[in-house]
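**Q** Given next are the chains, with one letter for each unit.
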Amino acid sequence: MSPKTLYDKIWDAHVVHESDDGTCLLYIDRHLVHEVTSPQAFEGLRMAGRTVRAPEKTIAVPDHNVPTDPTRLQGIRDEMSRIQVDTLRQNAKDFGVEMYDVDDVRQGIVHIIGPEQGWTQPGMTIVCGDSHTATHGAFGALAHGIGTSEVEHVLATQTLIQKKSKNMLVRVEGELAPGVTAKDITLTIIGRTGTAGGTGHVIEYAGSAIRALSMEGRMTVCNMAIEGGARAGLIAPDEKTYAYVKGRPHAPSDADWDKAVEYWESLKSDEGAQYDRIVEIDASEIAPVVTWGTSPEDVLPITAAVPSPDDFAGGKVAAAKRSLDYMGLTPGQKLSDIEIDTVFIGSCTNGRIEDLREVAKIMEGRRVKDGIRAMIVPGSGLVRAMAEEEGIAAKLQEAGFEWRMAGCSMCLGMNPDQLSPGERCASTSNRNFEGRQGYKGRTHLMSPAMAAAAAVTGRLTDVRDLA
Amino acid sequence: MEKFEKLTGIAAPMPMVNIDTDMIIPKQFLKTIKRTGLGVNLFDEMRYDRDGNEVPDFVLNQPAYRDAEILVAGDNFGCGSSREHAPWAIKDFGIRCVIAPSFADIFFNNCFKNGILPIALPQEQVDLLTRDAEKGANARMTVDLENQVITTSDGDTISFDVDPFRKHCLMNGLDDIGLTLEQAPAIDGFEGRLAAERPWL
Ligand code: SF4
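Those protein sequences? They're chains A and B, same order as listed.
Sequential numbering from 1 applies to the first sequence in this note's numbering.
Sequential numbering from 1 applies to the second sequence in this note's numbering.
One chain only, chain A, in its complex shape:
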C-alpha cells in the first residue's frame, strides 16, 4: 500500500460511495448547528417533508448574535436576533436535536464547545455552517465549514457530496522565542502563503513547534487555516490530544476508550507520504505580529513599519492602497505608534481559558489605560465559570476590563458589541475585513498577550517591551 497522509486516511475511512469522476459521498460523524446559517436548512427539510437522519450526531447552539451582557437572560432585545435564536430552539425541538440554550452554562461559541464537551475527537469528520470549523482539526479530525444547502444535506442524509482536496504540509520546526504564541505562528503562515495559498488544499500542520503547543494553541493554529485559503487544517493526534479528550462528557469511556485510542494511534501521516505543496517555517524566526490592513495576509512583526502600496505587485497594489486608506495609516509609520480605542479579547481563535490566563499574566500589576474600552468575552459559559473560579475574572475586572457573557460578540459584531466608524481595535479574533467589527471599524489582529499589551499602553505594543 502506498504511504498515506493523515488527510488521506480520514478521507478513506469516510467514503460511502465514489463516482467515476471522483465525486464522493462522505459520511459525517458530527454536525454542529448555530442560529445564523441553519434556519433556511430546517425550512428546506420541512418543505420537503424530510427528517434529521441522525439527531444524536447533531448539536445546536446560539452564538453568533447573542448579546453578551447579562440582560440577555431577560430576552434578546434585537428582534431579528431573537427570531433567529427562537427559530433555532424550535427547530432543535421539532427535529430532536440537543441544544445548549442561552441560559445553559455550556453555551458558547460553537467551535469552543465542541472540544470542551468531548464532542470533537480524532479521526472524525465534523462539519458546521461556519468557516472556522477548521478549529476542530487540532484533534486530527477532518473538520470544515459548509454552506446552508450543505447543512440541509447533512441534516437529511448525514453525508456530504465532496471531491478530495490536495494535501499541503506546513512544517514549523524549532523553538518559539519568548513572547511568541500560537497566534503569531498562524498569522505568520498566512502572511507567508497569502489568503489564497491553501485554496483547494487541506493543510497538515507538523513540526516540533506545533507538537510543543498545547491543545488550545493547536486550535488557534487550525482555526485560521481558512484565512490561509484552506478548508481544513489538521494536526496529528498524540498524548496531549488524548489527555484533553479523556473524561469529557461526550468522550468514549471504559472499553470504548481503549479501542478508540488504539485507532487514534494510527492517525498520522506515513513515512514517505506525498504532499502537493510543502511550506517550511523556522519557528525561531517568528516574531510577535500584528495585521496592518484589511486582509489577514497583511501581517508584519510589531517592530516593522506600515508598508507602502509600492512594496507590492499586481492587484495587491490597489488593494494595499484601499486598505491603508480604510485603516487610516500612512506608509512608513511605525506599527508600535498606532493608537487604539478598543481591545477585544475573545472569539473561537482566542477565547479559551489559556488565552484568558495569558492576558491575566500580562495584566499582573498593570491597568487598562484610561479611555480605552477593553472587553473580554469568554468563548463559553464554562470558560467564563473557570476564569471566575480561578480568580482571573476579578483581577481582570479590577484592571479595567469589561467581563462579558459567552458568544461571538465583536469578532463579527452581529450583536450589539460593535466598533463605531473610525474606531480602532486590537483584536484577538481572526478577520480584519472592512466593516467586520462594525461599519468603518478598524481591526488589528494579534495574540491575546499582544492585545493585553495594547490595552496597557493604548497603542500597538511589543509585548516583549513591557517586561
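Honestly, the hints are just simulated from the structure, not real lab data.
A virtual CB, placed ideally from N, CA and C, is assigned to each residue, including glycine.
Each hint should be verified, as a subset may be incorrect.
[Claimed, not checked] Calculated pairs, DSS-like style, for lysine-lysine (alpha carbon to alpha carbon, straight line, at most 25 angstroms): (1) A:166 x B:167; (2) B:3 x A:163; (3) A:240 x A:361; (4) B:167 x A:163; (5) A:268 x A:164; (6) A:9 x A:163; (7) B:135 x B:6; (8) B:167 x B:91; (9) B:31 x B:135; (10) B:167 x B:3; (11) A:164 x B:167; (12) A:440 x B:31; (13) A:321 x A:361; (14) A:93 x B:34; (15) B:91 x B:3; (16) A:240 x A:268; (17) A:334 x A:321; (18) A:246 x A:9; (19) A:440 x A:321; (20) B:31 x A:93; (21) A:4 x A:268.
[As the list claims (entries may be wrong)] If you anchor each label on the Cβ, the simulated ranges turn out as follows: (22) A:71 x B:164: 25 to 35 angstroms; (23) A:422 x B:40: 57 to 67 angstroms; (24) B:40 x A:86: 18 to 28 angstroms; (25) A:71 x B:159: 50 to 60 angstroms; (26) A:71 x B:179: 45 to 55 angstroms.
Given the coordinates of chain A, work out where chain B with the ligand should sit on it, guided by the hints.
**A** Just chain B with the ligand now, kept in the frame of chain A:
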C-alpha cells in the same frame, strides 16, 4: 433549483481582488431566516452611503449595469465566511454567473447549489472579458454551459472547464439531497460497518 443552460446578458466589470463575503453581503443582513430578498443589500457597504443613498460610482448603481446578470471580478472572489447569503444575494439581485481568475472554495461550492455558475479563467482571459464588460449595456455576453463557451459582444469565444457532475445538476436543476437519498442503502451499510469498527462513535 433553477436550471442554468444558456445565458445572454449584461456583464458588470468589478476588477477588484479578494472581494470577500463581508463585502458581498455584510453581516447585518444575515439575520434573516429566509433565502430571498437579499439582492437589495448585495455589496451594501460599497453600494450605499451611511444614509442609504446610492453611491453613483459603484458599478451596479450605474444605469448600464443595473440589470447585470454576469459579474466579471478579480482574483480570490468570495473569500471569507461560509455564509450562503453571499450567493443568495447575488442570485436575488439577478446575477447568474460570476467569472474570476479564482474563487474561494466554499463560495464556489455554494454557487452551484443555488443555480449560479462560477467560472474560473486565466487572468488574461478575465482581463479580456472585463474590457468587454466595460463597454456597457449594449455589450451582451453569452455563457453557454452546455458547450462550455463564453462569447463576447465582439464574437470572441473563450471555452471554460466545469465539473461534469455539477454541470449535469445545474443544467437539469437537480437537488443534491434527492440524489443522495437514492443512495440510502449505501449509507445504511456504512453506518452498520461504523457501528462494528468504531463503536465509540
Ligand atoms: S467567534 Fe468569530 S469566527 Fe468564530 S464562529 Fe464566532 S463569528 Fe465565526
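**Q** Please flag the earlier hints that this structure goes against, numbers listed from lowest up.
**A** 9, 13, 22, 23
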